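Q: Spelled out from the first residue to the last, the chains are:
Protein chains: 2
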Amino acid sequence: MKLDKYIGCSRAARKLQKADLVLKNAKIVNVFTDRVEPGSIAITNGMIVGIGDFQGEKEIDLEGKYVTSGFIDAHLHLESTMVNPQVLISRAAMHGTTTFIVDPHEAANVCGTDGIDYILEQTKDSPAHVYVMMASCVPATGIDDNGFTLSAREMEPYLKNRRVLGLGEVMDCMSVINGDPAMNQKLELFDGKVKDGHAPGLDDLQLAAYVIAGVTTDHEGSTYEYVMKERAMGMTCHIREGSAARNLEMIVKGIVENNMNTEGFCFCTDDKHIEDITREGDIDHNVRKAVSMGISPIAAVKMATIQPARCYGLRRTGAVAPGYDADLVVWDSLKDFNAQMVFYNGELIDDRLRVRPKPCPARLMDTVRLGPVDPQDLKIPAGQGDFPVIRMIPGQILTEKVIMPLPGQGEFVPDGRLDKIAVFERHKATGKTGVGAVLGFGLRGGAIASSVSHDSHNIIVIGDNDGDILKAVHEIERCHGGYTIVSGGQVYDTLELPVMGLISDKTYTYVNKKLKHLIAQAHRMGVPRDMDPFITLSFMALPVIPQIRCTCRGVYDVNEGKFLT
Amino acid sequence: MKLDKYIGCSRAARKLQKADLVLKNAKIVNVFTDRVEPGSIAITNGMIVGIGDFQGEKEIDLEGKYVTSGFIDAHLHLESTMVNPQVLISRAAMHGTTTFIVDPHEAANVCGTDGIDYILEQTKDSPAHVYVMMASCVPATGIDDNGFTLSAREMEPYLKNRRVLGLGEVMDCMSVINGDPAMNQKLELFDGKVKDGHAPGLDDLQLAAYVIAGVTTDHEGSTYEYVMKERAMGMTCHIREGSAARNLEMIVKGIVENNMNTEGFCFCTDDKHIEDITREGDIDHNVRKAVSMGISPIAAVKMATIQPARCYGLRRTGAVAPGYDADLVVWDSLKDFNAQMVFYNGELIDDRLRVRPKPCPARLMDTVRLGPVDPQDLKIPAGQGDFPVIRMIPGQILTEKVIMPLPGQGEFVPDGRLDKIAVFERHKATGKTGVGAVLGFGLRGGAIASSVSHDSHNIIVIGDNDGDILKAVHEIERCHGGYTIVSGGQVYDTLELPVMGLISDKTYTYVNKKLKHLIAQAHRMGVPRDMDPFITLSFMALPVIPQIRCTCRGVYDVNEGKFLT
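Those protein sequence lines, which keep their order, are chains A and B. Using the working numbering, the first residue of the first sequence is number 1, and each one after it goes up by one. Using the working numbering, the first residue of the second sequence is number 1, and each one after it goes up by one.
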């Protein structure tokens with residue numbers, strides 16, 4: 001700490017001068033002693049300088065309410081919220097989240113280091129700690145068609161950026177395990193720093209090989225048994241509640257039933273729409289749900305504060321104690337966790353927080369470059385025996401491979417049970433188009449398309465007729481990216497996402513309204529009520545999550561590592 | 001990890017090749033899940049690659065014995081063992097300690113960076129992880145006469161040494177708290193790294209100011225109440241069992257009685273003679289004692305392994321899990337903790353371990369430079385009213401100030417209760433000599449002297465007559481440093497410590513034998529049986545530990561921060 005700042009803090013700590021701000025009459029959750037103690041919190045120069053009885057230039061009476069450190073989202077993709085990062089931060093702050101560990105993986109897949117710089121720049125002076133994990137798998141695998149390739153060489157300049165904490169989720173597990181030299185260079189580059197994992201469904205031996213490479217976190221665990229396999233190897237497990245993937249219930253149930261210690265657990269959202277954050281909350285939702293299931297409130301608070309802070313080496317974040325940043329949340333209770341006031345570096349963040357998105361470079365607003373689209377490419381032969389169909393599962397981003405004959409005479413025609421899925425390369429106008437069949441989406445009388453399509457973010461579309469599928473793809477092209485629904489040859493509505501084809505340049509109310517409108521229509525068109533149509537759709541092209549996907553190169557079996565069409 | 005090494009580990013982890021070594025039939029303590037599980041441990045390239053059922057090029061049947069990770073001494077001064085660092089490591093290894101966080105504070109006080117380089121060099125290829133915390137307070141305070149001064153400028157080159165983890169115990173608390181610019185430069189230099197503390201007896205407000213500066217550990221806590229004050233502020237508390245200072249009983253009693261979590265606790269020895277390590281053990285002694293008092297064996301193992309590893313950012317140390325260094329200890333039981341086998345990086349360390357001390361630069365063997373010694377300097381007036389006497393306390397390095405008249409007519413003459421203490425500057429031959437009176441040492445008929453005298457390591461001596469005091473000082477000068485006892489004008493025996501006046505160049509059996517001989521004689525001459533004469537003596541000149549000390553400038557009141565004579 002700079003000497004001037006320190007001297008002010010030290011003098012206030014010793015009561016030689018008044019603190020800048022004193023929060024009086026609080027019930028303070030101490031994550032070190034596991035106690036809740038009454039007291040006042042003294043803040044100077046944005047830092048907590050004392051707990052006890054202090055006088056301040058400004059004083060706020062908390063009337064006996066609970067105070068914790070600001071919550072930490074241990075892993076998220078800001079792009080997935082679909083709003084400008086500053087907009088997301090201002091909304092999440094209202095739920096008590098003040099620190100974000102972000103992986104600009106989506107931005108990097110579309111725009112390379114320009115995308116990473118966009119995230120760093122937009123979050124630079126925001127009222128939150130935003131740290132970046134360097135996107136490690138751009139492209140996610142060698143079988144993907146994305147916008148850019150990031151190697152260790154492009155990553156190296158970011159090592160000296162103090163907001164870059166380590167290597168982002170290493171999705172390409174097999175390259176790690178097999179000792180791929182380019183992957184090893186990235187792992188070596190971040191030696192001594194945190195390397196986030198992404199390891200759904202590895203067997204015991206693969207997981208050990210993955211951990212040996214230095215990967216120490218995972219947020220993909222969806223069962224208690226699996227995360228305990230990871231915990232036994234020392235991994236920190238981020239319990240995820242996103243818009244599509246919701247793993248908390250399964251994991252927390254196991255923790256409670258087995259009386260397992262919660263030391264190695266954190267919370268994250270990973271991919272969560274602004275609409276869901278506004279509706280049900282951010283990390284406060286994870287905490288509330290965990291507490292409702294039987295985790296002690298103090299243990300849950302630790303999972304949301306000091307544990308992720310320690311996991312990422314943040315020495316001054318995550319506790320209400322002297323020397324910690326004055327990121328503080330005042331709660332109504334340790335059951336309901338409704339944030340009453342939120343402070344970042346000692347400043348009250350209120351609902352009128354000024355959101356001032358910085359200008360976005362023009363080249364990031366023009367990233368959808370579609371090649372020639374040939375209607376013939378959408379044809380799938382039928383009546384020739386079994387076909388590998390993608391079964392979609394509500395509340396999961398995992399899929400299931402179902403081998404079955406396709407309906408139709410000579411050519412696959414969606415029949416009310418099965419829909420057609422198609423993916424169009426959109427970065428380099430190559431014209432690559434992959435098609436397949438899905439089960440469980442239930443769409444009738446139209447098509448749903450998106451330029452948000454993990455991780456390469458090509459245009460993905462599901463529909464029950466080729467006409468609406470093509471119409472939807474061209475609508476996405478027209479607005480430089482977005483979500484759209486086409487029905488009966490007409491565009492029903494479109495949420496434009498012109499920033500890299502991922503992010504809106506509008507307010508969150510605009511985005512929310514459009515989203516609600518589109519989601520309601522998708523459900524009316526047959527998508528199951530317990531499935532988020534766009535988020536679930538956006539994972540159907542991701543060839544690193546079992547079991548089966550559709551990319552612009554065709555249908556891919558993740559478990560077997562090969563294309564099936 | 002280098003790719004070659006990784007590929008071998010990954011293949012062995014996946015059973016594509018045999019492991020180098022498999023420890024079969026073990027009961028493995030898992031510090032992540034708090035479980036003890038049966039299994040085999042597979043090791044390749046010095047690293048644990050799997051837990052389960054493996055085949056190895058070499059296999060050892062552990063017959064159901066317990067295995068933990070090697071223990072970590074979270075804070076020690078290798079110099080205090082008085083033997084070559086390699087000798088200490090070989091002895092401590094027999095007790096299961098495989099990682100040492102050392103502060104070369106004593107070496108630096110005598111020889112500056114040459115002393116630090118000596119410690120780094122001697123421990124470089126030793127069969128243990130030895131990490132260095134940069135000595136922060138050389139000299140310990142501005143009122144001390146030591147050999148060298150270390151500023152941030154001299155420390156900077158060490159930042160790039162991967163074995164230097166942070167800033168060593170910051171003893172000069174008041175310089176920290178008051179924002180001394182030179183101290184702040186050192187703290188700033190190690191920003192983002194661990195800064196060890198040394199904070200006995202600060203009040204709540206001072207402690208907060210100290211912690212705000214970024215100091216996050218302390219090993220000086222001697223009561224449960226005090227360490228909990230530190231824990232509440234997030235400090236990690238190293239529970240110390242050294243030769244002189246033994247804090248475990250008081251702290252662990254409080255933890256057990258209050259059912260406090262042990263998350264923020266580690267173990268250390270700080271200053272422990274090789275003789276005590278050989279006799280009662282090293283960190284295994286702390287663990288055994290803690291368990292005997294009611295700490296669960298797994299919690300105690302965590303305090304000795306994963307917790308200090310995490311505290312110091314050691315990512316591959318402290319657990320029996322894939323990706324961790326194969327530093328393993330086989331124990332007879334989790335009650336007695338007698339080490340049966342010890343592995344470092346997968347290699348069995350046995351009693352015949354070759355100890356090959358490296359050559360010591362000649363200038364480090366010639367550091368005792370005594371100025372003119374004037375017998376008149378030893379005189380203390382008596383019969384002039386009260387005098388501030390140093391009361392020594394068995395098992396403590398704290399002292400107590402007792403105001404009382406000195407016996408003698410005109411001049412203080414030790415009377416059977418009180419002894420004379422004297423300190424002679426020995427680095428720059430300035431001739432500075434400080435004298436005082438001590439209570440509780442009980443020495444009769446001679447003098448005990450030492451060139452080990454924290455932290456400036458001037459020559460310190462306690463005796464009941466000036467003749468023997470002077471004789472002892474000249475004996476220390478003659479052998480370039482050491483411990484000596486003089487009785488009736490004759491040197492009884494001397495342990496030579498020619499390396500910086502701190503360390504022997506002989507074997508540990510030689511040192512042990514000499515020490516036992518000298519200590520037994522000190523006890524025969526009246527030093528209380530429950531007091532280690534030399535270690536206790538060595539702290540009597542340390543002007544950073546309350547309440548009162550004697551330096552070569554005179555008697556010093558630590559609490560009031562001023563010289564009393």
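Hints are computed from structural coordinates only; laboratory data are not their basis. Be aware that a few hints might be false.
Quick list of in silico lysine-lysine cross-link-like pairs, BS3-like style, CA-CA up to 27 Å [said to hold, decoys possible]:
1) B/Lys514 <-> A/Lys229
2) B/Lys24 <-> A/Lys229
3) B/Lys27 <-> A/Lys193
4) B/Lys193 <-> B/Lys124
5) A/Lys229 <-> B/Lys27
6) A/Lys65 <-> B/Lys229
As the structure is a prediction and not an experimental result, all values here were calculated from the model.
Q: Against this structure, judge whether each hint is valid.
A: Okay, the hints, checked on the actual structure:
1. B/Lys514 <-> A/Lys229: Given pair B/Lys514, A/Lys229 is violated - Cα atoms ~53 Å apart, limit 27 Å.
2. B/Lys24 <-> A/Lys229: holds, 20 Å
3. B/Lys27 <-> A/Lys193: violated, 31 Å
4. B/Lys193 <-> B/Lys124: holds, 21 Å
5. A/Lys229 <-> B/Lys27: Since the Cα atoms of A/Lys229 and B/Lys27 sit roughly 18 Å apart, the hinted pair holds (cutoff 27 Å).
6. A/Lys65 <-> B/Lys229: It holds: about 23 Å lies between the C-alpha atoms, which stays within 27 Å.
Hint check: violations occur at hints 1 and 3; the rest are consistent with the structure.
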